[in-house]
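Participant: So the chains spell out like this:
There are 2 protein chains.
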Amino acid sequence: MANIIITISREYGSGGREIGKKLAERLGIDFYDKEIITMLAKESGLSEETIHNWAEKEVSGFFYGINAARGIIPIPDRIFSARRKVLNELADKGSCVIVGSCGDYILKDRENLKKFFIYAPKELRAKRAKEVYGDDLAAYPNMIKRKDEERRDYYNHFTSYRFGDYKNYDACINSAIGIDKVVDLIEYYVKQD
Amino acid sequence: MANIIITISREYGSGGREIGKKLAERLGIDFYDKEIITMLAKESGLSEETIHNWAEKEVSGFFYGINAARGIIPIPDRIFSARRKVLNELADKGSCVIVGSCGDYILKDRENLKKFFIYAPKELRAKRAKEVYGDDLAAYPNMIKRKDEERRDYYNHFTSYRFGDYKNYDACINSAIGIDKVVDLIEYYVKQD
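Those protein sequence lines, which keep their order, are chains Z and F. Going by the numbering used here, the residue at position 148 of the first sequence is 148; the numbering climbs one at a time, nothing skipped. For the numbering used here, add 1000 to where a residue sits in the second sequence, where the first one is 1.
Among the hints, a few may not be true.
What the hints assert, rightly or not - Pair ranges (Cβ atoms, derived):
#	chain 1	residue 1	chain 2	residue 2	range
1	F	R1110	Z	G178	18 to 24 Å
2	F	H1052	Z	K85	52 to 58 Å
3	Z	S81	F	D1153	48 to 54 Å
4	Z	N53	F	I1073	56 to 62 Å
Claimed, not checked - So, partial list: chain Z residues that the calculated Cβ filter (under 10 Å) puts toward chain F:
#	residue
5	L113
6	F117
7	G164
8	I177
Derived by calculation from the structure, the hints in this document are not laboratory data. Source: prediction; values computed, not measured. Backbone N, C-alpha and C define an ideal beta-carbon position, used for all residues, glycine too.
If we strip away everything but chain Z, and leave its shape as in the complex, we get (with noise of 0.2 Å):
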């Protein structure tokens, strides 16, 4: 297989992560997810907490314009400008396997670009956040809403792309399949390409 970048964006909870893990594990390439936040603390000079806190926020309005106007970057600009810069470098140093951080968005221009899309149900995505990250949605009954609209609003904000857009991906698949089955499915795509 030549050299391959695939770029796995994904609805919170849809299992994007483990799919992207999995995958890059059967065809034998480097596989990127939280290895990023430290390398964007160390490109952008935060802490990984001020990374992990601030990694799908936009600032917007009041604050937004007032640190604008003072001439002071917004943290998630300096994260989003890190983001770049990293996003490039692994893309540049072979094949990988790069979920989430708009890579699908920062690598548009790349030959070797696959980008996938993973998505499911809201009722298998409130049962996989519960079992698989402990997120138990009983107490919080909209936290499924808000992770959609913080990831939609994050990425529309920094891309010119709008989040879930078909257009801007090879295939998306619905996971509720299966992990495995969907991994089996880019796998097969990208071997057959």
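Once you've looked at the hints, dock chain F against the given chain Z.
Facilitator: What follows is chain F alone, placed relative to chain Z:
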């Protein structure tokens, strides 16, 4: 393979019809596309020409209101009622591939349903429209846009879904990879399931 109903929804010029036809051949199951027009004519009492002309047109606004007020069921509504009946009859007969016709929505409650959405970049769709359908876009530069709007408006009017919303599909596939490869991929998907 157990009994299966496959619906192919698609953007104009994306090759969805050819994909559906080839897929049905591969799987050895029935394929319905233009036959549906004949069946709709029989069911609705309208001519095939009328069905063809109104196939993706919704009536809205002033004349819709006038007709409704006079107790006249608008032609698109008569066609959609016939569509419900015809598609359910076809699905009852056994495994098949149905292209378009809001099949994904009309048959949404069937357990053995797999729903795919096919799309492609505009420039590829324009190329295909010219080569395969003989629609020369040089004379009608906005045709793709108009066809997209017509298909979207029809679908959004008659269903409770939004056209092209990934949430309504098992997978959405960009046919830029090649028609035969999309067929391979869907065949792999349904056999794996």
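Participant: Compare the structure with each hint and give your call.
Facilitator: Verification of the supplied hints:
| no. | hint | in the structure |
| --- | --- | --- |
| 1 | R1110(F) with G178(Z): 18 to 24 Å | holds, 20 Å |
| 2 | H1052(F) with K85(Z): 52 to 58 Å | holds, 55 Å |
| 3 | S81(Z) with D1153(F): 48 to 54 Å | violated, 41 Å |
| 4 | N53(Z) with I1073(F): 56 to 62 Å | holds, 58 Å |
| 5 | L113 | violated, 13 Å |
| 6 | F117 | holds, 7 Å |
| 7 | G164 | holds, 6 Å |
| 8 | I177 | holds, 6 Å |
Comparing the model with each numbered hint stated earlier shows that hints 3, 5 do not hold.
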